[in-house]
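With the hints as extra help, turn the sequences into a complete structure.
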Amino acid sequence: MKKFDFIGNRYWAYLLSLTLIIGSWVYGALIKGPKFGIDFTGGVLVEVRVEEPQINTGTLRELFKGKVEGVLVQNVEGEGKNDFMIKAPADKDPNKTVKIIRKVLKEKFDGKVEIRKVEMIGPTVGKELREKGIMAIIYALIGILIYVAWRFEPIFAFGAVLALIHDALATTGIFMSVGREFSLPVIAALLTVIGYSINDTIVVYDRIRENMKVLLRSKPFEEIVNDSINQTLSRTVITSLTTLFVVLCLYLFGGGVINDFAFVLLVGITVGTYSSIFIASAIVVDWYKYVKKEK
Amino acid sequence: MKNLKWKLLFVVAIFLGALYLDLTKPINLGLDLKGGTHLVLQIDTEKALEDETSTALREIKRKLEEENIPVVSAVRKGTEIDIELLSPDYTEKTVSLIKEDYSQMFNITAKGKEIVLKMKPSYKSKEIDRLAEQALETIRNRIDQLGVAEPVIVRNGKDRIIVELPGVKNPERAKKVIGKVANLEFKEVVDTARTPDELITKLGGTIPNGATVLVKPSPSGPKFFIVRNGKEEELKVKSLEELVEKFGGHVPEDQQILYEEIKNKEGKVVGYTFFILKREPILTGAYLKDAYPSQDETGMPAVSFVLKDEGARIFSNYTKNHIGTRLAIVLDNKVQSAPVIRSEIGARGQITGQFTYQEARDLSIVLRAGALPAPVKIIEETTVGPSLGKESVEKGIKAGIAGIVIVMLFMAVYYKTAGVIADLALLMNVVLLWAMMVVLGATLTLPGIAGFILTVGMAVDANVIIFERIREELRKGRNLFSAVEAGFSRAWGTILDANVTTLIAAAVLFQFGTGPIKGFAVTLSLGILSSMFTAVFVTKVFLDLLVKFKPQIFRV
Chain A
0 MKKFDFIGNR YWAYLLSLTL IIGSWVYGAL IKGPKFGIDF TGGVLVEVRV EEPQINTGTL
60 RELFKGKVEG VLVQNVEGEG KNDFMIKAPA DKDPNKTVKI IRKVLKEKFD GKVEIRKVEM
120 IGPTVGKELR EKGIMAIIYA LIGILIYVAW RFEPIFAFGA VLALIHDALA TTGIFMSVGR
180 EFSLPVIAAL LTVIGYSIND TIVVYDRIRE NMKVLLRSKP FEEIVNDSIN QTLSRTVITS
240 LTTLFVVLCL YLFGGGVIND FAFVLLVGIT VGTYSSIFIA SAIVVDWYKY VKKEK
Chain B
0 MKNLKWKLLF VVAIFLGALY LDLTKPINLG LDLKGGTHLV LQIDTEKALE DETSTALREI
60 KRKLEEENIP VVSAVRKGTE IDIELLSPDY TEKTVSLIKE DYSQMFNITA KGKEIVLKMK
120 PSYKSKEIDR LAEQALETIR NRIDQLGVAE PVIVRNGKDR IIVELPGVKN PERAKKVIGK
180 VANLEFKEVV DTARTPDELI TKLGGTIPNG ATVLVKPSPS GPKFFIVRNG KEEELKVKSL
240 EELVEKFGGH VPEDQQILYE EIKNKEGKVV GYTFFILKRE PILTGAYLKD AYPSQDETGM
300 PAVSFVLKDE GARIFSNYTK NHIGTRLAIV LDNKVQSAPV IRSEIGARGQ ITGQFTYQEA
360 RDLSIVLRAG ALPAPVKIIE ETTVGPSLGK ESVEKGIKAG IAGIVIVMLF MAVYYKTAGV
420 IADLALLMNV VLLWAMMVVL GATLTLPGIA GFILTVGMAV DANVIIFERI REELRKGRNL
480 FSAVEAGFSR AWGTILDANV TTLIAAAVLF QFGTGPIKGF AVTLSLGILS SMFTAVFVTK
540 VFLDLLVKFK PQIFRV
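Going line by line, the protein sequences match chains A and B. Mapping of the first sequence onto numbering that gives the first Met the number 0: position 280 corresponds to residue 279, and the numbering continues sequentially without gaps. Mapping of the second sequence onto numbering that gives the first Met the number 0: position 472 corresponds to residue 471, and the numbering continues sequentially without gaps.
Check before you lean on any hint, since a few could be wrong.
[Stated by the list, open to error] No more than 25 Å apart at the CA atoms, straight line, and that leaves these computed lysine-lysine pairs for DSS-like:
#, chain 1, residue 1, chain 2, residue 2
1, A, K80, B, K277
2, A, K107, A, K80
3, A, K91, B, K76
4, A, K98, B, K264
5, A, K291, A, K218
6, B, K397, A, K95
7, A, K98, B, K175
8, A, K91, B, K376
9, B, K222, A, K95
10, A, K107, B, K168
11, A, K95, B, K215
12, A, K131, B, K157
13, B, K262, B, K222
14, B, K237, B, K76
15, A, K80, B, K397
16, A, K105, B, K333
17, B, K376, B, K168
18, A, K91, B, K333
19, A, K107, B, K267
20, A, K126, B, K46
21, B, K264, A, K107
22, B, K60, B, K215
23, A, K116, B, K175
24, B, K277, B, K62
25, A, K66, B, K262
26, B, K262, A, K98
27, A, K98, B, K267
28, B, K33, A, K98
[What the hints assert, rightly or not] These stretches of chain A come out as covered by chain B in the derived footprint (C-beta under 8 Å, 3 or more residues):
#, segment
29, 116-123
30, 217-223
31, 231-237
It is worth saying that the hints were derived from the structure and are not from the lab. Just so you know, even glycine gets a beta-carbon here, dropped at the ideal spot from N, CA and C.
Written as structure tokens, this is what we have:
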């Protein structure tokens, strides 16, 4: 079987990862600016289907002019051109905004309009969810850190969590760069990525630990690690593939809410697989060497 | 061998049992799939507590007056009362007087001639709890009256209520009925005024020469302007009492000012009539036995009510002695109408006041169900139309089937007969996971469907780990039987570790998530558990059978 030298080339991987993370964050967060959905900003979102061929985003926008401040009308991605998304920012009384939108639509298109979805999030709730979302990700990281530290030696836990942070940063960076909007399902997907991508890492670590028991005397640590990555490589790639298959189906067929969710998983699982092969164990090697030198 | 037979029987029994559940019992669908309205209500407990403090303040002032204790000032700040007496000589007596009635409610501290009453945190939290329970009860009653099938009404945290209304057709109406305070009061009319000027002068205030106070309607209530030399300037006042005091007038402690809206034919507010009322109501909505929509003598929609026996006694007593005076019917601090009492009124009465028929009907509902103990604000709404929910389910099924088929094909091609066995286990996983959700009464949401599909892709992970291990062992030259054994025993620890971490993430998600996301966390967790059973135990049983009886067709 062919053997790849992952550990020997690890500095190239570090460089690639840093470029990816810094690049995507500079572009996504600084240049483009992150977008937050109404889950986090508060506001109003109404999805409608209007059974009238002449209607477009411009005519709808005109309809709400002077009645709803800051209104935004877009076509719904992945739906027909008669499906529209009407968005309004959270002001003092978002309930009233919802009421006005419903009323205007009903008066104008009575019988020809179907209000498919209404979401209203008060500004305080948005703030709460924002804080809760960030806390959830931190808790998940801490929980996994504790578990891995308990099951493996601390140096493994350190590598695992660093790899996870790498995955989370790269995924959010790419997510922001393509201009998608953060929402609750996106946070859920990020947490799933965190829970999932650690799997691959753990499988490799498990093998390193197993090999260390028999081989530590006869082989340098770096080589053991590299062997372990190679031994688990087909498994790592194949599980990621099967998961990517279903996620791709979700991405293609799942529709609206699921689409963002699936996108995060698609990117996250790819990045996670890459980091389990190229980054997570390499960090352990460098950490191991550093500790040895200190002694 | 015997052991294997029992294991096979066990697997088949579980499969059939799960399949039976899948086919006979329906799964709970979340609102995002079946359509409906999800509301989160915030109870304004602060307002209720402030009102209570105001009532206490009035009572304390009255008591001190009775006891001839001179007070310099007594004001409320939030849920705190600051009293300044004329001299510290009265402090001790005042404190003991207040303690008589309010030691439960306030922490009382006195320093010199100043006394501070701070609402006790324990009282606050008990009161908030009581308010929330009462609001929950009232809202439940109202929703019952609206006739929504299978609503969910639960408390969320200390001062929030979650309401789920499946399949509701008119969410705006439901919101209106749920959110209305519906505090009905009957109050004695002391005096009325058609203009702000008249109101101010009637209460002893004076309007500067050449000036006049104007009132204009706005969505948030009347706005006042002072007009002088043709220039208009808005008067920023929080209440009508404040307006009167601005011009040197005074509203007696036991009185208040409220207004009635004057509407045109289209129902638009065009002006106001002001009422000076006795603060203490003669009767409140608590005495109502029934309320129903009706018509007044001109044929306009109105709401008729029937009082309970005790209410009827109070009412007839009062009306008998006040024939010829006006009685204000006040709803949520707005005067609905103020009829002149012409004769003694018993148990039955009518509320008029330019309602539409729908408004009269909804008002009857809220009056029957009782008033909310505090205002509520709807801070979150999600309404999903029935067609969107149905489409979501269809899309989910499509994505799910496509995903399962691709994964199964891949496994069969890549791992050959072992892959086919993994496919059998995968199908069983789907059947089992669905059955677990049915049995546990878990709710399937849109993200839940995604979680379901995701576990399908992740479930084969355990099989991949095992099969790769078996391949490796075979390469080392082990025989088939021992390679399978070694593959399973070595893979188990890895599989466990890998799944526990995903469970940790799912548990965090469950903690943090709201409805749909919680559904995802639940599906994902259950999926991991059932996949550990099917991918490890079930696969092992089938592989053992194969190795035993048809080793020649085994390929991995």
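Hint by hint, work out which the structure violates, then give me just those numbers in ascending order. When the structure is compared with the hints, numbers 1, 6, 16, 22 and 30 turn out to be violated.
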